Amino acid sequence: MNHLETFAQTYAQAPWRKQLQLIGLFSLVLVSIALVAGIYLNVSAKASAVGRDIQAMQRETEILDRDIEDLQSQLAIVLSYDDMEARAHKLGFEPVPAEQTVYLNIPGYTARPPVTLAPNIQRTLPSAPVLPAQYTESLFDWARRNMGSISFSLSEVRQ
Amino acid sequence: MSQKETTWRYSFVGALFAILPLLIVLQVFRIQVDPRQSEKIMIESQGWSSFKKTIQPARGLLYDRWGNLLAGNRTVYEVGVELQFVENPQTIAQTVATILDVDYADAYTRASLEPSDTAVYAVLADNVLQADIDKLSVLIEQMSDAYSGGKGDNLPSLRGLVYTPHLGRIYPEKTLASNILGFVSRENRGYFGVEERFNELLAGKTKTVLVPLDPNRVQEIPEVPAGASLVLTIDREIQREMEALVDSAVAESGSASGTIVVMRPQTGEVLALATMPRMDLNEFWRYGDIYPKDTPFNRAVSQAYEPGSVYKILTMASALDAGAVTPETVFVDTGQIEIGGTLIYNWNMGAWGPQDMTGCLQHSLNVCLAWVATQLGPNDFYRYMQAFGIGHLTGVDLAGEATGRLKAPGDNDWYAADLGTNAFGQGVAATPIQMATAASAIANGGVMMAPQIVRSVINSGYQHNIDQRVIGMPIKPETANTLSEILAVSLETESSDALIEGYRVSGKTGTAEIPTPFGYTSNATNASFVGWGPTDDPQFLVYVWLEKPQSSVWGSIVAAPVFRRVVEKLVVLLNIPPDAVRHRLTSSKGPQQ
Chain V
247 MNHLETFAQT YAQAPWRKQL QLIGLFSLVL VSIALVAGIY LNVSAKASAV
297 GRDIQAMQRE TEILDRDIED LQSQLAIVLS YDDMEARAHK LGFEPVPAEQ
347 TVYLNIPGYT ARPPVTLAPN IQRTLPSAPV LPAQYTESLF DWARRNMGSI
397 SFSLSEVRQ
Chain W
4 MSQKETTWRY SFVGALFAIL PLLIVLQVFR IQVDPRQSEK IMIESQGWSS
54 FKKTIQPARG LLYDRWGNLL AGNRTVYEVG VELQFVENPQ TIAQTVATIL
104 DVDYADAYTR ASLEPSDTAV YAVLADNVLQ ADIDKLSVLI EQMSDAYSGG
154 KGDNLPSLRG LVYTPHLGRI YPEKTLASNI LGFVSRENRG YFGVEERFNE
204 LLAGKTKTVL VPLDPNRVQE IPEVPAGASL VLTIDREIQR EMEALVDSAV
254 AESGSASGTI VVMRPQTGEV LALATMPRMD LNEFWRYGDI YPKDTPFNRA
304 VSQAYEPGSV YKILTMASAL DAGAVTPETV FVDTGQIEIG GTLIYNWNMG
354 AWGPQDMTGC LQHSLNVCLA WVATQLGPND FYRYMQAFGI GHLTGVDLAG
404 EATGRLKAPG DNDWYAADLG TNAFGQGVAA TPIQMATAAS AIANGGVMMA
454 PQIVRSVINS GYQHNIDQRV IGMPIKPETA NTLSEILAVS LETESSDALI
504 EGYRVSGKTG TAEIPTPFGY TSNATNASFV GWGPTDDPQF LVYVWLEKPQ
554 SSVWGSIVAA PVFRRVVEKL VVLLNIPPDA VRHRLTSSKG PQQ
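So the sequences go chain by chain: V and W.
Per our numbering, residue 247 is the first one in the first sequence, and the count goes up by one each step.
Per our numbering, residue 4 is the first one in the second sequence, and the count goes up by one each step.
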């Protein structure tokens with residue numbers, strides 16, 4: 247028993263050393279928490295700022311969409327029949343009476359086709375550009391494709 | 004201080020600190036367990052953390068066949084009040100009544116609403132234009148500068164007045180093609196015309212999403228595809244010219260109304276459809292004033308009438324096709340014929356003697372055509388009329404199409420005499436679009452095309468061109484060509500006012516008495532003309548209808564000249580060379596291998 251006490255006393259740390267260790271450990275935990283909290287705050291602040299930017303951009307997109315519609319309509323008003331006719335009159339143009347109209351044949355002239363405002367679905371779909379496989383395939387798909395081509399080349403060489 | 008006392012104090016403080024979190028935990032537990040509490044808090048928290056946003060896609064646009072915008076969108080504003088911030092409802096009501104022309108009492112009532120959980124916001128006006136909003140915002144700013152910080156209950160204040168932008172409909176051409184387009188109400192619902200017929204397609208699908216206010220929870224607002232846009236077959240220039248011609252024809256003849264339909268017989272494309280009254284679609288709220296009770300929005304598709312002698316071309320086409328008569332068949336007109344116990348007379352009550360079929364059409368002889376119908380027999384006559392689409396919807400891409408009425412043997416109200424009267428367009432009701440479609444079969448070698456208003460649909464970035472549809476082949480090509488020739492000759496022989504220098508056209512006038520509840524007792528008539536040209540290669544078909552003309556009751560006097568004026572415009576706008584030039588150009592090209 248005495249031996250044990252002696253042994254314990256021999257290797258026991260001084261009380262101030264224990265306190266120091268505790269304080270050190272506590273400080274380490276505190277600093278770690280502060281570090282993590284700091285990083286978290288920084289990241290979340292950045293995320294919030296980006297979030298605000300996104301919200302602002304979403305609003306801007308809405309405004310731009312409305313502006314596009316407005317401009318399109320304003321252009322249509324400027325090009326409307328009444329406005330065009332009024333401008334033509336102002337510039338000195340007059341409607342031609344039927345009896346003064348002469349049909350003039352212009353070689354090579356082809357009548358304008360009705361308007362196409364967007365790609366025609368029937369014509370576009372068959373010739374739609376196909377994305378290269380690199381953009382869509384997974385790594386596993388790529389490996390399998392290359393393995394397949396290698397084995398095909400080998401079989402050709404054997405023949 | 005004894006150690007015991009100190010220990011007690013420490014224990015008390017410790018217990019207090021322990022109880023507080025315990026109480027918090029208990030409260031949290033209580034809220035979690037009590038569904039009413041948790042639900043209430045959830046709703047409240049959602050109300051503060053996010054808001055409901057209704058995404059209304061931009062309504063699809065309407066274009067004419069050349070891409071001219073006929074219906075677009077523009078920014079308009081909804082003006083309302085946030086009730087909890089309202090300080091002076093009188094000022095708000097007075098302001099919106101003055102600037103936005105809304106009812107003061109109504110605005111005051113709405114602005115005076117007591118804010119509550121269910122009453123948060125009230126709409127005062129919608130579809131307000133930017134110019135008015137500019138005036139409003141200047142006033143809000145001025146009032147805020149002048150009276151902010153002031154004290155007193157009766158200080159003028161526009162606090163709580165807000166405006167929210169959204170898209171509303173605009174029609175850049177105002178009244179042009181208004182009867183075809185229809186209009187869109189404040190609730191974004193289409194009424195009449197294309198707007199109503201394709202309302203769902205044009206409006207797209209509205210989506211409601213919850214948008215978080217917390218920037219950390221910001222989400223991508225889902226893409227709501229815009230409504231599909233439509234390219235119409237209408238030609239803006241032709242439409243405008245036809246509307247001007249309808250207006251002048253109605254004014255000159257003193258008619259109650261007028262209608263002109265212009266179609267391409269080979270495709271069924273409607274190039275113009277002019278009628279009256281018309282309205283500035285940007286002021287759709289005036290609809291009730293412009294179209295009083297029972298006034299159709301578009302007479303060309305919604306008003307069936309007894310077409311009169313223009314109908315004779317269908318009777319003759321049927322008889323020629325069935326072989327009941329030939330162009331050379333001679334009918335001796337004695338001035339009257341009895342069918343089903345009813346005596347039928349000619350328009351001038353005269354007897355025209357021996358007439359071949361060209362003469363019958365040229366002089367528009369009721370007696371002859373009634374006889375032709377008897378030669379055909381009721382079964383074949385009505386079978387042909389149904390094949391021509393009389394009494395059926397044409398399926399034109401417009402809302403509110405009327406079916407018209409064709410009585411047939413077996414119907415309770417059909418009598419044997421009807422065969423005779425129907426033969427010259429009496430006792431049968433058809434819309435102008437039905438008559439034009441039926442006549443297009445004769446102009447187009449016996450093939451009847453569906454009248455088409457929508458040429459293409461633009462959806463998700465692609466244009467889908469709608470195929471033209473054949474809706475019937477009521478007569479053989481040779482019958483159609485023969486009748487076309489007969490009608491051209493009869494116009495030429497008659498030196499009709501419908502003739503156009505340089506172009507050979509086929510056509511037929513029509514004068515129909517208007518039935519009253521007591522029979523054909525009125526002197527008023529419907530004057531019509533249907534014609535197409537050039538006869539050997541028809542590029543257009545025109546149907547003219549003048550309702551109750553006053554200057555003359557006869558179609559040959561009031562409607563035929565309108566047809567000529569229409570064709571004079573059409574040949575220029577459609578680049579159709581005079582027949583002589585066209586034949587020279589065709590022969591110089593030589594036969595195609």
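In short, the hints are calculated from the structure, not lab data.
Among the hints, erroneous ones may be present.
Ranges of calculated distance between the beta carbons of each label pair, as one might list FRET restraints [said to hold, decoys possible]:
#1 L23(W) - A260(V): 55 to 65 Å
#2 M393(V) - V31(W): 38 to 48 Å
#3 T112(W) - I279(V): 50 to 60 Å
#4 T362(V) - E286(W): 30 to 40 Å
#5 H335(V) - D104(W): 52 to 62 Å
#6 G356(W) - Y355(V): 44 to 54 Å
#7 T209(W) - H335(V): 54 to 64 Å
#8 L287(V) - I224(W): 47 to 57 Å
#9 Y286(V) - N157(W): 51 to 61 Å
#10 D104(W) - T382(V): 36 to 46 Å
#11 I58(W) - Y286(V): 30 to 40 Å
Model, not experiment: these values are computed from the prediction.
The beta-carbon is built from N, C-alpha and C at its ideal position, and this holds for glycine as well.
Do the hints match the structure? See the list:
1. L23(W) - A260(V): 55 to 65 Å: violated, 39 Å
2. M393(V) - V31(W): 38 to 48 Å: violated, 58 Å
3. T112(W) - I279(V): 50 to 60 Å: holds, 59 Å
4. T362(V) - E286(W): 30 to 40 Å: holds, 33 Å
5. H335(V) - D104(W): 52 to 62 Å: violated, 33 Å
6. G356(W) - Y355(V): 44 to 54 Å: Holds, at about 52 Å.
7. T209(W) - H335(V): 54 to 64 Å: Hint violated: Cβ distance 44 Å, outside 54 to 64 Å.
8. L287(V) - I224(W): 47 to 57 Å: Because 28 Å falls outside the window, the suggested range is violated.
9. Y286(V) - N157(W): 51 to 61 Å: holds, 53 Å
10. D104(W) - T382(V): 36 to 46 Å: violated, 58 Å
11. I58(W) - Y286(V): 30 to 40 Å: holds, 34 Å
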